[in-house]
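*Asks:* Whenever a hint applies, use it, and build me the whole structure from the sequences.
Taken in sequence, the protein lines are chains C and P.
Each residue of the first sequence is one higher than the one before, counting from 847 in our numbering.
Each residue of the second sequence is one higher than the one before, counting from 14 in our numbering.
I should point out that these hints are in silico values taken from the structure, not numbers from a laboratory.
Please note: incorrect hints may appear among the correct ones.
As the list claims (entries may be wrong) - If you anchor each label on the Cβ, the simulated ranges turn out as follows: (1) C:907 / P:306: 52 to 58 Å; (2) P:98 / C:1255: 38 to 44 Å; (3) C:1165 / P:50: 33 to 39 Å; (4) P:314 / C:1165: 46 to 52 Å; (5) P:96 / C:1255: 50 to 56 Å; (6) C:1249 / P:283: 43 to 49 Å; (7) P:96 / C:1023: 38 to 44 Å; (8) C:947 / P:283: 44 to 50 Å.
Said to hold, decoys possible - Derived pair list, reagent style DSSO-like, types lysine-lysine, alpha-carbon separation capped at 30 Å: (9) C:882 / C:1130; (10) C:1390 / C:1417; (11) C:1141 / C:1021; (12) P:499 / P:558; (13) P:419 / P:477; (14) P:105 / C:1141; (15) C:904 / C:1159; (16) C:1197 / C:1168; (17) P:491 / C:1141; (18) P:105 / P:491; (19) P:258 / C:950; (20) P:477 / P:877; (21) P:479 / P:499; (22) C:1200 / P:135; (23) C:1197 / P:135; (24) P:499 / P:877; (25) P:135 / C:1141; (26) C:1197 / C:904.
Predicted model only: the values in this text are computed from it and were never measured.
A virtual CB, placed ideally from N, CA and C, is assigned to each residue, including glycine.
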Amino acid sequence: MQKKKCPVFLLAGLILIAGLNGCGKKTVGSGTAEKKETVTVAFWSDQLTENYGQYLQKTFPEVDFEFYVITNSTDYYRFRAERKALPDILTVRRFSLGDVASFKDSLMDLSDTELAGTFHQSYLRSYTYSDGTMNWLPACAEIDSILVNQALLEEHKLDIPTDYQEFTEVCVALKEAGIRPFRSDFAADYTCMEILQGLSVQSLTSQEGREWRQQYESGQTNQLSREVWLPVFERMQEFIDLAGIGASDLESSIADTYYGFQENETAMIRGTSAEAVRYNVEEKAVMIPYCGETKEDSWYLSYPAFQIAANVKAEESPKREKLILDIMSAMLGQEGLEHIATGQDMIAYNKDVKLECSSILERMQPYIDNNRLYIRLASADMFSASRRVVRGMILGEYPDAEAAFDAFNEAMKEDDEGPSFAAHIDTGYSYRFEPEGGSPAASAVMNSLREELGTQFLTGQSINVSGDILSGDYTEEELRYLTMGEAVEILLCEMTGRQLTDYLNQVFAASGKRGSVINDSSLYVSSGFEMEVRKTDNGYMLEKLTMGGEELALDDIYSVAVLGNEWMMQKEVLASVGVTEYTRSENTYKQIITDRLLTGKQLAAPTPYITLRREAD
Amino acid sequence: MKTERKKYHKVFPAVLAVSLLLFLMVGGIYFTEYLRARIFEERTTQLNEITSQVRVNLDNVLDSHWNYLTAAVNVLKQQEFDTAEEGVGFVKELESLLEIENYSSRLVLLDRQGNCYDAEGKHGVWSDIDRISGGEKRYTFITDSQIYESSYWAFVQKLDVPLVIREEPDTCFTHVLLLKDVYTLAEYYDSAAYGSQNETYILKSNGTRMHDDISEDNTIQSYNVLKVLEEMEGQAYPDIRGALKENNIISTNFTYNGIEYFYCLTSLAEYDTLLLFLIPADYVASGTVKMVGAVIRMLLFLLMSLLFMLMLVVISIVRQQSSIRLYRQEQENLRRQEELNAKLEESNALLARSKETAEQAFRIAEEANRAKSSFLSNMSHDIRTPMNAVVGFAALLARDADRPDKVREYTRKITSSSQHLLGLINDILDISKIEAGKTVLNLSDESMVDLIENIDSIIRPQMKAKGHVFEVLNSGLKHEQVVMDKLRLNQILLNLLSNAVKYTPEGGCVTFTIQELKQHARKLAHFRFIVQDNGYGMSREYVKKIFQVFTREEDSVTNKIQGTGLGMAITKNLLDLMGGKIQVESEKGKGSTFTVDLELQISDQAVDQDFWQKKGITRLLTVDDEEVICQNIQLTMEGTGVQVDYVLEGEKAVELVKQSEEEGQPYHVVLLDWKMPGMDGVETARRIRKEASESVPILVLTSYDWPEIEEQAKAAGVDAFLSKPFFLTSFRQKMDVIRGDEQEAKTDNEQSVLEGMHILVAEDNEINAEILGELLDMSGASCEICENGRLAVEAFEKSVHGQYDLILMDVQMPVMNGYEATRTIRDLGHPLALTIPIIAMTANAFAEDIRDALEAGMNAHVAKPIDMAVLEQTVRAVLETQSEQEY
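*Replies:* Okay, here's the thing in structure tokens:
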């Protein structure tokens, strides 16, 4: 179905574009001398659009990369593997060997590659199956712990806590001073999970904790050990009370958290060095470990920034296999890792890579030397259960820790239930970007979103759509895989035609931002209007906007929905074109699309939204 | 067969050489493979042995460390510590006691959190803490500890009961570690046998590296070493771990980056560990390889020697074959040369024959030339002789004109010489015409009887003149009327008969026989004419060339006889023209016989078969002493309805006639031979008339001139004479004459037919005209001479009816020739234009000339010079013909 309908669409698109713009104009890609090798790369986060994607495209100019952003879990890949639609290169943040075992044969075995040989062997053990195969390689380790506003503490004559006792004392003192001692975005599952585990690393790394984890990770159990985990929930419950965490925290975003930290409203937050930089708190933040009973029992929480794997199809051609391995080597090499986030404050797994540490992690070195870096237990079940239970604990849904413990175990069991299809997508759409018309998949999603929002126009980056849209049955969870996993805002505003033009030129030119354009496949999608864009050596330049073939009136005002990261790009860009008033959509992008499909509606038909020309044309 | 044998000789050495080479190659390959397999076996065996030894050593070492650790754990179990520091001190004491440091080993205690306590104090969490968290009691592996800067074999014993620190209740020791520096065990991995060139990989049983020991020197730098090995080129085990399960130790080779390696892999199953040795092939069983290499070199040398010898043998065979081939080629060349020589000889012979033929031709030409010269000489002589006579006697005639006897004598001799000269000229002209291929036959219905009688009349006087007995015989002549060129056939037979006259001494005997043989075709009568004489005869050599032109036999006798040497050639050529044949039989001094065979078309003119019945003649009596003649007559008369009886004597004839008269069945005709023994013909006739019948017609059959006896015979009662041979036509004509006595009498008494005629003569030659005038005058005719055709035409045109009885027309004349003048006359409106007889009178005496004359409208043709007898005969025939046509 998908194969049949795409050409029809493309043909219709070609005819429409020809009618609108006249025939005979060359578009990008037409008449190119040599066909580039196409490599699809699924990013776990749009974070990688800031620098990482650009680095890859620059490093491999002969490759036509097709980027898109997926969810941050391996579930997406399992879903795609079942439909034999995996991308060429896979990246994922949340990783557990048990989560990926079901589609291990769809991935290249990297164990015999020299790339694997460049890693510290001890790090590879958790990626190695008993038969010696290994599909995934980790990028550098991010340190995820507690950021302390050292100045604020000093202001209140408080020392940075070194053990749990001191931590509680500081919290109490801060509360008394009217300062929130600790805050985090409990809307996100990983926050819930990391705080839950981080506060009890001592228990989880004890002999019992280690032995239970091995049993859990090897699939021998999916239930928490009372001996190990009940104290964890007890500590969490204690911490919620201690830190004054309430229902309002469940709605706050990470940006809100950092904003409070920045504004000295909060003394401690969960965070990373990269986040500190991103939210401009690096100067006042110091990262401390999750405190144990003693200073020597404190641990920093760590996990790989992401893992990389490759589609086994690459092995069909030695040339292709080499290209994929070269790209992966670049992704995991010194330069590649430096393009992840801030490129610092991370621990390299690769023997050949040395990354700098900033002052934020100045206290961390003794913990590294003593091997007190706790690698979070990051199975998908653990994420979802942690979010549910921790949020329940914050909301007071459980009378005590034991009830929370039991609830957690229950949550772990629920996942064993089989799939229940909730929707059916009749027509599949290719994500492939065509200079005449753009990406059908991205257009279908963006048009659907605009329909749901009821605005005249909508813009959003194509990578917000997670690759090809496959026809068939979907569970509710699988519907969420259609769109990127990270939270992305929908900003509703009004713009004149001129402001819209300026806005698009700004986002096309944006660099190092969340949502920067990397290449054709990551261009912005328009819904409700069409764009004529010229590609130059300096990037992309908007030439004209049309609506139904008529040039957009620059002074007319239109209702526009902007899909993007508010804090890391959109707010600034909108402001630069004079749009300061906007509202956020009550529903999230992912939810709107999911809900539309759950109600039985289909995705809106794609429309040819862009004509991309080369500079010389 | 020869080609196949040749092929065989060529192919056999090649096949032999190729077979031997193949054998050596296959053998070499087999042997090389065999040696390679043996070397491989030797190498792997050596490797296995050495690796087994290493494994045993390593096992022992590991076991001994376990023994150490067990001892330490046993001691530890009995300890109680108040603080962790005491634990550290205990470790220190124990290491000292066990002298562990001497073995580059150390003892470590792990607490519940994984912190390390060694002789130096407390350290951080052991990096491999997760590896001992599987619930097992014992672990053995290699660790890359961050705490201790090296790689160690770790022997980990989990304590059955954690050792609680009394004063630190949250702290308890759970594990005891014995760490042994990996590199101090290298002595057990390296083998002097390989010159320490082996690489040792310590792997987990799944093939991944046990510890982080990858260096640039490693051949395999990947994480999963076994998988890399499985993908190596030439490696024998696609599933190494599977193979290892079956054989505790495996060895094989592979090629990597162009270098051959051997590896040996063995399992230390107890420790979940694989031990891999990787050695460049050059260092494996190098002594054996060197020895085998030496053997191979030796064998190669032997093989090369063998090959060299083989090549020599092959070369020798090839050369031998080549020699044989060369020899055979030489033989073949010789054979071909012989063939060529034979052909050359044949060619030479052919050339010789050609030369001979050419010489013969030359001789013939020369002979012809000579004959021609001789002929010219003869001609000169032959022409001059009669001319001399003519000129001489003419001169004498002038001198003796007043002497009539001399005049007659000279005139007779001049006439004779002129006739001879005329014959000579005719022959020359004839042969010229024949040789030029211009002679055509002038065919017409003619009577053979007339022909024979004409010949007889011409030749008989000559026979008589030379005193020859001349006999004409007829045998079975049935078809007297045939289509022929009468003139040419006449010429042929006269030639033969003239020769018989000339070349037979006086008083000889010449026989002319006419036979009709059995017909070959229904419409063709087959005649045979035989001229036989008893004259001089000819030599055999001359007989062979008698028909060649210009030939005459050089003979003292015959040379004196006038002859052109053309007569027989003319005869032969004319016969060829007629489709006839001529044969000659002759013997010198005995005479010659010429036999002519000729087939002539039987005339379509119907013979009056009822002639005899109309005349009332049904019985005939023939009387001749020669029975053959009687029988011939009987044969000739078959089919006429006339019964022919014959008797051989006159006496019997008289009786028979008498008897027939008496019986009332009288003979209607009696034929009597003149000369018979006893009673001759005349006497027999007289007797018949007297005793038997006065009315029966009696004819005398004779070959002699009957005028001598004509009077006597008629007196005896003979009615007529019939010349021999007997011809039916002549007989019938005579019977006609006898039946019409008046006409017979008139004919007998008739004068010259020309007498009283006035003749118009066209003749441009004055002499000829004068001669003709005189001759006509002699015959009682007058003439008017015109100098050309035109004048003749005009004269005739102007003439009155009956002014001219005849026109004699020369042919070659100025103004208007004879043919044209004749056509003009025939076209004139003169009453006699179509009927007046015109007779050609020309020197153009050939058949075609006659034909042309007739076609021009003339009635007949006479040749110049004018023979008055011929002229009269011709005129008479013309007139008779016209008379018959009128009636």
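*Asks:* Hints first: check each against the structure and report whether it holds.
*Replies:* Consistency of the hints with the structure:
1. C:907 / P:306: 52 to 58 Å: holds (53 Å)
2. P:98 / C:1255: 38 to 44 Å: Distance hint for residue 98 of chain P, residue 1255 of chain C holds at roughly 41 Å.
3. C:1165 / P:50: 33 to 39 Å: holds (37 Å)
4. P:314 / C:1165: 46 to 52 Å: For residue 1165 of chain C against residue 314 of chain P, whose Cβ atoms are near 47 Å apart, the range 46 to 52 Å holds.
5. P:96 / C:1255: 50 to 56 Å: Given about 39 Å between the Cβ atoms, the range is violated.
6. C:1249 / P:283: 43 to 49 Å: holds (47 Å)
7. P:96 / C:1023: 38 to 44 Å: Hint holds: Cβ distance 39 Å, inside 38 to 44 Å.
8. C:947 / P:283: 44 to 50 Å: violated (28 Å)
9. C:882 / C:1130: This hinted pair is violated, its Cα atoms lying about 47 Å apart.
10. C:1390 / C:1417: holds (24 Å)
11. C:1141 / C:1021: Holds, at about 23 Å.
12. P:499 / P:558: Cα-Cα ~27 Å, so holds.
13. P:419 / P:477: holds (25 Å)
14. P:105 / C:1141: holds (26 Å)
15. C:904 / C:1159: Between residue 904 of chain C and residue 1159 of chain C the Cα gap is close to 24 Å, so the pair holds against 30 Å.
16. C:1197 / C:1168: holds (21 Å)
17. P:491 / C:1141: violated (175 Å)
18. P:105 / P:491: With Cα atoms ~174 Å apart, residue 105 of chain P and residue 491 of chain P exceed 30 Å; violated.
19. P:258 / C:950: Given that 30 Å is the threshold and the Cα spacing comes to 25 Å, the pair holds.
20. P:477 / P:877: Roughly 27 Å separates the two Cα atoms, so the pair holds.
21. P:479 / P:499: Holds - the C-alpha atoms of residue 499 of chain P and residue 479 of chain P are around 27 Å apart, at most 30 Å.
22. C:1200 / P:135: Holds: residue 1200 of chain C and residue 135 of chain P sit about 28 Å apart, inside 30 Å.
23. C:1197 / P:135: holds (27 Å)
24. P:499 / P:877: Since the Cα atoms of residue 499 of chain P and residue 877 of chain P sit roughly 19 Å apart, the hinted pair holds (cutoff 30 Å).
25. P:135 / C:1141: holds (14 Å)
26. C:1197 / C:904: This hinted pair holds, its Cα atoms lying about 24 Å apart.
Of the numbered hints stated above, those contradicted by the structure are hints 5, 8, 9, 17 and 18, listed in ascending order.
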